Structure formats: structure tokens, C-alpha cells
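Engineer: Protein chains in written order, with my numbering: chain A, 1 to 460; chain B, 1001 to 1465.
Please keep in mind that the hints were generated in silico from the structure rather than gathered at the bench. There could be a bad hint or two in this list.
[Said to hold, decoys possible] Keeping only pairs whose Cα atoms sit at most 25 Å apart, straight-line, the calculated BS3-like set for lysine-lysine is:
1) A:K452 / A:K353
2) B:K1242 / B:K1255
3) A:K51 / A:K62
4) B:K1434 / A:K157
5) B:K1187 / B:K1286
6) B:K1187 / A:K38
7) A:K161 / B:K1102
8) B:K1222 / B:K1251
9) B:K1102 / A:K453
10) B:K1263 / B:K1273
11) B:K1430 / A:K38
12) B:K1219 / B:K1381
13) B:K1255 / B:K1286
14) B:K1381 / B:K1448
15) B:K1448 / B:K1219
16) A:K36 / B:K1273
17) B:K1222 / B:K1434
18) B:K1222 / B:K1187
19) A:K36 / B:K1286
20) B:K1434 / A:K17
21) A:K435 / B:K1219
22) A:K42 / B:K1222
23) B:K1263 / A:K42
24) A:K452 / B:K1102
25) B:K1437 / B:K1266
26) A:K161 / B:K1242
27) B:K1426 / B:K1409
28) B:K1242 / A:K36
29) B:K1255 / B:K1222
30) B:K1409 / A:K157
31) B:K1420 / B:K1430
32) A:K17 / B:K1381
33) B:K1286 / B:K1219
34) B:K1222 / A:K38
35) B:K1434 / B:K1381
36) A:K17 / B:K1273
37) B:K1266 / A:K161
38) B:K1448 / A:K2
39) B:K1266 / B:K1286
The model shown is predicted, which means the values in this text are computed figures rather than measured ones.
Residues per chain, in single letters:
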Amino acid sequence: MKLNSYIDLIQLLDNYKTTADENRAFALRDELQSQKPKTMLKAWIKEYRQKLPSLHSEIFCKHLYSISLMLGILAFLLGVGTSMGLLSYNGSQPVNLIYILSIAVFIPLLSIILTVVSMYRAKNPYNILVHISPAYWLEKLYTKIFVNVNPYKSVAKIDPKLFNWIIIKRAQLLSLLFSVGLLLGFMAIVATRDIAFAWSTTLDISPEQFHYFLQLLASPWADIAPTAVPSVEIVQGSQYFRLGDRLDSSMVSKVHELGSWWRFLALSIFFYAVLLRLIMLLISSAMSTRVLVSSMLGTAEVSEILSQMSTPTLSTIASSSEVDFVQDERHYSRVRELGSRYDATLGWALDAKHILLLNDRWKIESDMSIGIGGINSIADDERIVADLSGDILLYVKAWEPPTMDIVDMIDDISRQSSKLALLPIGTPSDEYRPKASELNIWSRKLAQYDNKKVWLCQVR
Amino acid sequence: MSGEIDYPQFAVVGHPNKGKSSIVASLADDNSVQISDTPGTTSSSRSFPLVVDGVTIYELFDTPGFQRARRVLAYLQAHDVAAHQRHEVVSSFIQKYADDPKYNDEIELLTPIMQGAGIIYVVDASKPYGAEYEAEMEILRWSGQPSMALINHIGDEDYTAEWRRALEQYFRIVRTYDPMRVDQAQKIDLLEAMAQLKQEWSRPLKQAINLFESINATKLRKSAKNIAQLLQTSLSFIDKTKISADKADDKEQEKAIDSYQDKIRKLEAGSQKSIEQIYNHVGIQKSQEQLLLDGIDLFSKESISIFGLSKDEILITGVTGGAIAGAGIDLLFAGHTLLVGGAIGAVAGGVSAYLGFDKISDTKILGQKLGDRYIVLGPMKNINFPYILLGRAIYHLCIISRQSHANRKPIEIRMDESFKQKWLDKDMRKSLEKIHKRFRSGKEIDIKELEQYTVLVLECIRKVI
Chain A
1 MKLNSYIDLI QLLDNYKTTA DENRAFALRD ELQSQKPKTM LKAWIKEYRQ
51 KLPSLHSEIF CKHLYSISLM LGILAFLLGV GTSMGLLSYN GSQPVNLIYI
101 LSIAVFIPLL SIILTVVSMY RAKNPYNILV HISPAYWLEK LYTKIFVNVN
151 PYKSVAKIDP KLFNWIIIKR AQLLSLLFSV GLLLGFMAIV ATRDIAFAWS
201 TTLDISPEQF HYFLQLLASP WADIAPTAVP SVEIVQGSQY FRLGDRLDSS
251 MVSKVHELGS WWRFLALSIF FYAVLLRLIM LLISSAMSTR VLVSSMLGTA
301 EVSEILSQMS TPTLSTIASS SEVDFVQDER HYSRVRELGS RYDATLGWAL
351 DAKHILLLND RWKIESDMSI GIGGINSIAD DERIVADLSG DILLYVKAWE
401 PPTMDIVDMI DDISRQSSKL ALLPIGTPSD EYRPKASELN IWSRKLAQYD
451 NKKVWLCQVR
Chain B
1001 MSGEIDYPQF AVVGHPNKGK SSIVASLADD NSVQISDTPG TTSSSRSFPL
1051 VVDGVTIYEL FDTPGFQRAR RVLAYLQAHD VAAHQRHEVV SSFIQKYADD
1101 PKYNDEIELL TPIMQGAGII YVVDASKPYG AEYEAEMEIL RWSGQPSMAL
1151 INHIGDEDYT AEWRRALEQY FRIVRTYDPM RVDQAQKIDL LEAMAQLKQE
1201 WSRPLKQAIN LFESINATKL RKSAKNIAQL LQTSLSFIDK TKISADKADD
1251 KEQEKAIDSY QDKIRKLEAG SQKSIEQIYN HVGIQKSQEQ LLLDGIDLFS
1301 KESISIFGLS KDEILITGVT GGAIAGAGID LLFAGHTLLV GGAIGAVAGG
1351 VSAYLGFDKI SDTKILGQKL GDRYIVLGPM KNINFPYILL GRAIYHLCII
1401 SRQSHANRKP IEIRMDESFK QKWLDKDMRK SLEKIHKRFR SGKEIDIKEL
1451 EQYTVLVLEC IRKVI
């Protein structure tokens, strides 16, 4: 994952919305659904960036490359120039290697220590150590100027923690180029001119102490190039005092020894300015990639996309839309109170025993009590109906909605009878009294057919 | 009449008004299915396929109720055929009466059955058994399709025993199922029963069960994440209300508290809406006690900002500005100053920004002070508040996750005091409190910390769901 993928992602999240179905279909198509999140996201960005009319990442990375190249060349030349400055030697005085060590070893070491501290604090968006870097301000300025220009709208949304790491990495790169320039400049000058090195300081340091210090400095690479570490004698012979403004004749006779310091200095510059800086660059590269990936994977939108890619799309909705049910609110108008005498009492899906019980309950007298519907066949019922005449009472179960079977039967009975009284009954636990809601259902159903011979009865 | 369909199909059939559509709605998690206590609401068969990644796993049919069962049975029984030929008679009935409106409902419910659908026959055992059902059960037996019966309870009475005695004579499997109160475990039980109807159906239905279980786990995780985010946002939430003087008066304090409370409630409402969306209960009607912050000490202080920057932000700007100025001097001396210029500039910039902040804020231009005054409420310091909010969120999740899509009544969310004991013990409180402290600190929360908190919230949820 690179910075351009990150910018592509920001641009996609702002401008191109994919649905859950699209994301899942894409994952299935490319068999990504069980891959690692990083792989899934990379593939997703690659797939959908093609849909964008123009890529901010390409424009931005081109600009960034140009700036980096320019700064890099500048840093390199500055390094070369610095080494030329450090090694400026006119033959009358030796070059003070303490000065070279300060610029080429101690300052890089100090800045590396500061870099380590800033790396440790990089997760804090307000990181002074990062904000001090000129690279930070240059890039901030650049972004501010071009904030309404397309690529920089996306760049402005980069996670501040990632931004810190980009600055740290950029600073290491520039420092490395400076150090390489410094080393190459040093080597070029040492190869093309004779330089006499000496050490000069106001501090009260004996040659033996200075030698010990040099051994400490050389300890990382002393085993590889032991001859590069100057001996005590060379150290003794290299101490220089500026009083008199002339070279000591003994130093002039040992000019070869004074020149031999170049190996020590070259290896010190290589180790402390170049190699350590290279390690810092690699660490900052690795960390910025890590933070880049975690920034990309850490946003809520990306989590949602990855979840959609890994989760099967499930649909249980109807394949066709339902016909809207419009309730007929008409109620049956022919309602009367239950009588006490009928020519026949019938029970829909009720046996004769039950009907007699109901007759007794409602104090009904009738000449005939018989069950219809239920397990009776159509033919059985036709025979019963054929014998009917006069006023008929039909008990129906109020809790059972009127089906067309009952409606047909009501029709048939009403043709045979002079009057048909319909009585919906409740359950035994309700003392056979129907619920109001159940009665409403029956009333609305009867209103649809409006048979003048049929009366809906209410219990006393 | 068997089609070339290679996934299980089930027709939910029965007498009108016995809960067929409610059962389909609860199994399909679809609250768009029309449910009414008026018979005849369903007038045609509708299919509800379970489609996973574009592949149909099984299909449910919601059908109209039997209207003229005895006449259909009379037609079938008029054909004196052996048992193995009965299904052909049913098919011939469909062919003969396909365009007859008198038998529209029977055609609608028998067609998917004769195309290979298994039968799920629904009855209401809150009412007494009636012999009129036997015509329907006999018709279904003639179809020859594997069948099961579901005993629903719409009312309060219970006649299950007499229903079972009758149903077990006609159906291979008889189960009780209340679509209004069914939970995920009961749905899975039903699917397992359906899988037993035919051997070939076992695998796809097991796949569906695994899928539902995995989706249910995903829903819980998403809900836990949502709740964790709510807690993090609420506890770290800071509300600024502008005030006129250096100190807020009573009215301004009250206004600030109302504003803070209102925003916290909005955060809670937003989180609840997201969870309702996760469970496909969009637009659900509910009644719930409002979140009260009365008696909770809301940490407040007055603060000043200049051009929208706080004192800390001005300090950083001062330091870096000073460092740049000092670094310019270093450059001038080609680095011989060893960046001391930059260091001095940073310190000078920081100190002047810090000391000058109050003075600058008091400076007036055209009668207006440069600095704005605010009363700041939050982050929430009350230790019990997160547990109140978390308890409400978990309780809401419990209700929503258990809410059947067949149940269209408004829900009441009333948590009792004992609920907290079900999910919060001493150890859990300790673990949660560590992270609540981080939320309250106002510092940026690492994504890993939020994930850790989500895991804890999920643990609490699993204790009650």
C-alpha cells in the first residue's frame, strides 16, 4: 500500500459510493471474501479507482516527486558544499577534525536522537518535533495554497498521524542525501587534494583521553577496519595549537600521519551520518507504511466496505409486490335480537348435541336441530337444506372467519327458508358470547352480499 | 406437476386468519408483509425466497386461506384412484379450475404445492379444534407433499392438546410457533424441523441455519461496536455555549446544561436508530423513558478562544512560529549557530503566546473582545453515567433483537433496576472503568482501545441475549 492508494481511497470515499451488493459481488467475483483486509482493500481501490474521472493521487504524487527531487538535489549539494567548507585547507593550518566530527557525527547523532523521540511521539497530532521540521511547513504551505485545487482536497484529509510519519520519513531522506553528499564530497576532496588533519580544542583533554574517546566512536566498525582507528602516537602527534599561527615543524614532518585521519573520518561519517540515517529512513518507511495501512483500515467507511465484502448478502423480501388490501368498512344493517322460536336450528361444524346445548343456553325452541358443514359432505348438506323451510337459525363459530363455503351455504339455506337468522357464538369460556371484533368481521362479510332474507342476530 | 427447481420450497397454508402471513413475516424478517385481523388480506400467493449472494437457498410462499375446501375435496374424492395417483387428481383440479374465480384461493395455495413445495399448515390453538379443518387437511394429504403443522396461539386460551391429537394424524411433524414472540433460537428450531421434511432439503436448510447464525452474530458485533462508539463519543463529548461575561449566570448555566443534555440524548437516539436498522426494524414505533442527567454533576468551566484556537493550540503555534524564525537565523549563519537560534525562537514564541494569551483575548477591536467566552460542559466525569447509558443501550438491543417482524404493535422499552445485575459484575465493571477513564480524558482514542471496549460490550450483551 502506498500514499497514492490512500489518496485514491479518500477520493473514492468522497465521490464514489458503492452499495453492499456491489461490494459483495465484487468480492465474490475476485474470490476476495476470505482474504486479509489489506488485500481486499487494495483490490477494491484498484477496481474502483478506474471509475474516477481523474486521479488526485497521480497529480499529487507528481507534485510531491518534483518537490522531493528538488529538495533532495538541494540537500545533496548542500552536503557536498558543507564538506568543501569543512575541508577548506590552504596549507598553513591543518583541518580541525573536532569541527568535522561535530558537524558530521555529533549533529547527525543529535538529530537522530530527536528523530527517535519524534517517532515515539508521532501518534500525537500536535508534535512539536515534527512541526519544527522545515519540510512540515513547506508541505503545509503548499497544501494551504492549493487547498481548493482538486488533489489537495483529498490530501487535506490525510490522517494527521500519517502526516507526521510522512514528514519524518521525508526528513530522513533529505538528511540521508545531505549525508551522502557530505561523504562523497569528503572522499572527492581527500582523493584530489592533500589534507592535513589535526585536533584542536581549548578543553583540557590529554591525547590518551582523546584516543579513548575516538576508540569509543569507532567501536561499531573497529573490528571491520581496525587500521582506521588512529593510534595513541598519531593522536599525540596530531594535537595542534593555533598560537603563533604556524604549523609545528614536527607536525610538518609527520604530514603523512596527519593525512591518515581521513580513514577514521570517512568511516565515522559513513557510520554516523549515512548508515544510521539509512536505518532511520528504513524504520520511518516501515512505520509510515504501517500507519498508512492502519489509517486506511481504521476508518469507519472502510470497515463497512470490508464487512460488506465479507458478509453474504441476504435477501428474504418478496419477489413481487403485494396487492394493497383495502378493507370494506360497510357493516350489515339487518340486525335483530335473537328470537325464541325457529322451525329449525342448524350449527355450522357443530354436532346435534352441541346445538341442543346452545338452544338450551339461549332458550330457543325448534322442531329440528342438525349440524351442517364440518365433516359433512356437500351432498349431505344439500339433502339437509332441501328439507328446510320457514324460519331458520344458524349457529356459526364467531372466531372462525366466514369462508365462501359458509357464504354458499347461507345462500342455499336462504333460498329454501323465509328467514335465516345467523348467530355467531363465542367459546365456552366466554359463555358462548362472541367478541365484538369477531362480530365485526361477520358483519362486514355479510354486508358484501346483502341478502335480504338473512339477519344477523345479537344475543339477549 | 414438478418443476426443475433445486432448492426447497414451502407453502404456508391454512384456514383464513390463523397467522400464515405473520409466520412468513417472522421467518422472512420482513415487516412489509401485510398483516391484518381481517380475513382475506392475502389474496394471492407471494414468494419470499431466501437469496444469498444471488443464489436462492429456499423459498417460502404466503398463500390465501382455504375458502371452499369441501367442494375441492368433493372433486378429489369423486375420482376413485389409488394413493399413488392422488396427486394427479389435485393437478387436474388446478388445470380445470385455473381460470375460475370461485376457486381462486385454492388454486393460489395448491399451485406451489404441486410444483414441489413442502406444506406448512398453520392453525390457531387458542380456539377449540373444529371438524371443518379436516377437509383442508385431507386435500393436503392428497397432494402427496411432505408436510408439517404449526400451532399458533393468537388468543389467550389454549386448546393445544386437542389440536395435537388431530394434527398428528395428518402431519409428519407438529410444532408450536408463536410468530409474535419468536426469538432467533426458535426460528432456527423451525428451520431444522423443515429440513427434516425431505432428505434433499437438509443440506440447503442447514446452510441457511448456519448463515442465519453467522448473520445474527454479525448483527450483535455491529451493535456492540455501535454501542461502544456511543459510549466513547458521549463520555468525551464537550459542549461549548457562548456566554456574555467572564462568568456564566444562572440562566446561561441552565441553557448550557439543556444544550448538553439534548446533544447527549441525540447521540443516544442516533445509536438506537442504527441498531434498529441493523435488525431491519426501520420506523419501529416505541415508547421509552428519556435519558435524564438530573442530579449528575456535569463538569464545567469557562474558557476563552482566539479565532477559534484554544490556549494550547495558540501555544503550539507560538512555539513552531518562534522555531521557524530562529531557524532562519541559523540558516543565515550557515548552521554555525548549531540550531540554537531555532531553539531560542521556539522557547520565546511559546512563552509569549502563553503569557500574552489572556491579554490578547481581552483586547477590544471596534468594541468587541478578540477572545470569545464560553461555558464548557464535559467531558462527563460522573462515574455512574456510562453504566446508565450502557444499560439503556443493551436493554434497547435486547428488545429490538427479539422483536418479531410479525409484531406490528408499538414497543415499550422500560428497563427495571435489576437488569444491570444481569450484565454487570465487579470484574466487568473494573475492566470497563479502565477504558471509561480514557474516554473521559478527552485524549484521542486508539482504534485498538475501542476494539477492546467493543469486545467487553459484546461480552455484556451475550450475558443477556
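Engineer: Now look at each hint and say whether the structure bears it out.
Structural biologist: Going through the hints against the structure:
At roughly 30 Å between alpha-carbon atoms, A:K452 and A:K353 are farther apart than 25 Å, so this suggested pair is violated. Between B:K1242 and B:K1255 the alpha-carbon distance is near 10 Å, which keeps this suggested pair within the 25 Å criterion. Restraint check for A:K51 and A:K62: satisfied, since their Cα atoms lie roughly 20 Å apart, inside the 25 Å limit. Under the criterion of a C-alpha separation no larger than 25 Å, the hint pairing B:K1434 with A:K157 is inconsistent with the structure, at around 31 Å.
With a CA separation close to 24 Å, the supplied pair B:K1187 and B:K1286 stays within the 25 Å bound. Between the alpha carbons of B:K1187 and A:K38 the distance comes to roughly 36 Å, so the proposed pair goes past 25 Å and is violated. Restraint check for A:K161 and B:K1102: not satisfied, since their Cα atoms lie roughly 74 Å apart, outside the 25 Å limit. Proximity of B:K1222 to B:K1251 is assessed by CA-CA distance (about 41 Å); at most 25 Å being required, the pair is judged violated.
Simply put, B:K1102 and A:K453 have alpha-carbon atoms about 23 Å apart, close enough for the 25 Å limit, and the pair holds. Pair hint B:K1263 plus B:K1273 holds up; C-alpha atoms about 15 Å apart against a cutoff of 25 Å. Using a Cα cut-off of 25 Å, the hinted pair B:K1430 and A:K38 is violated, with the two alpha carbons roughly 34 Å apart. Proximity of B:K1219 to B:K1381 is assessed by CA-CA distance (about 31 Å); at most 25 Å being required, the pair is judged violated.
Of the pairs offered as hints, the one joining B:K1255 and B:K1286 is violated, with about 28 Å between alpha carbons and a cut-off of 25 Å exceeded. Using a Cα cut-off of 25 Å, the hinted pair B:K1381 and B:K1448 holds, with the two alpha carbons roughly 23 Å apart. Of the pairs offered as hints, the one joining B:K1448 and B:K1219 holds, with about 20 Å between alpha carbons and a cut-off of 25 Å not exceeded. The straight-line distance between the Cα atoms of A:K36 and B:K1273 is roughly 31 Å, outside the 25 Å bound, and the hint therefore fails.
The suggested pairing of B:K1222 with B:K1434 holds, with an alpha-carbon distance near 22 Å, which does not exceed 25 Å. Distance check on the hinted pair: B:K1222 and B:K1187 sit about 21 Å apart at the alpha-carbon level, within 25 Å; holds. About 40 Å separates the Cα atoms of A:K36 and B:K1286, which puts this hinted pair outside 25 Å; it is violated. Our distance criterion of 25 Å between C-alpha atoms is broken by B:K1434 and A:K17, whose separation comes to about 38 Å.
Between A:K435 and B:K1219, the direct Cα distance comes to roughly 41 Å. Violation of the 25 Å bound is thereby established for this hinted pair. A hinted pair counts as satisfied when its Cα atoms are at most 25 Å apart, and A:K42 with B:K1222 qualifies at roughly 23 Å. Taking the CA atoms of B:K1263 and A:K42, the gap is near 38 Å; set against the 25 Å cutoff, the hint is violated. Among the hinted pairs, A:K452 with B:K1102 is consistent with the structure: their alpha-carbon atoms are about 22 Å apart, no more than 25 Å.
Our distance criterion of 25 Å between C-alpha atoms is met by B:K1437 and B:K1266, whose separation comes to about 23 Å. The straight-line distance between the Cα atoms of A:K161 and B:K1242 is roughly 31 Å, outside the 25 Å bound, and the hint therefore fails. Restraint check for B:K1426 and B:K1409: the C-alpha separation of about 37 Å exceeds 25 Å, so the hint is violated. For the hint pairing B:K1242 with A:K36, the CA-to-CA distance comes to about 48 Å; that exceeds 25 Å, so the pair is violated.
A hinted pair counts as satisfied when its Cα atoms are at most 25 Å apart, and B:K1255 with B:K1222 does not qualify at roughly 35 Å. At roughly 45 Å between alpha-carbon atoms, B:K1409 and A:K157 are farther apart than 25 Å, so this suggested pair is violated. Using a Cα cut-off of 25 Å, the hinted pair B:K1420 and B:K1430 holds, with the two alpha carbons roughly 15 Å apart. For the proposed pair A:K17 and B:K1381, the alpha carbon gap of about 39 Å is over 25 Å, so the pair is violated.
Restraint check for B:K1286 and B:K1219: satisfied, since their Cα atoms lie roughly 20 Å apart, inside the 25 Å limit. A C-alpha spacing of about 20 Å is found between B:K1222 and A:K38, which places the hinted pair at or below 25 Å, so the restraint holds. Between B:K1434 and B:K1381 the CA atoms are separated by roughly 13 Å; this keeps the pair inside 25 Å, and the hint holds. Using a Cα cut-off of 25 Å, the hinted pair A:K17 and B:K1273 holds, with the two alpha carbons roughly 22 Å apart.
Restraint check: the Cα-Cα separation between B:K1266 and A:K161 comes to about 30 Å, which exceeds 25 Å; the hinted pair is violated. Annotation: proposed proximity of B:K1448 to A:K2 holds, straight-line Cα distance about 22 Å (limit 25 Å). With a C-alpha separation of about 16 Å, the suggested pair B:K1266 and B:K1286 falls inside the 25 Å cut-off, and the hint holds.
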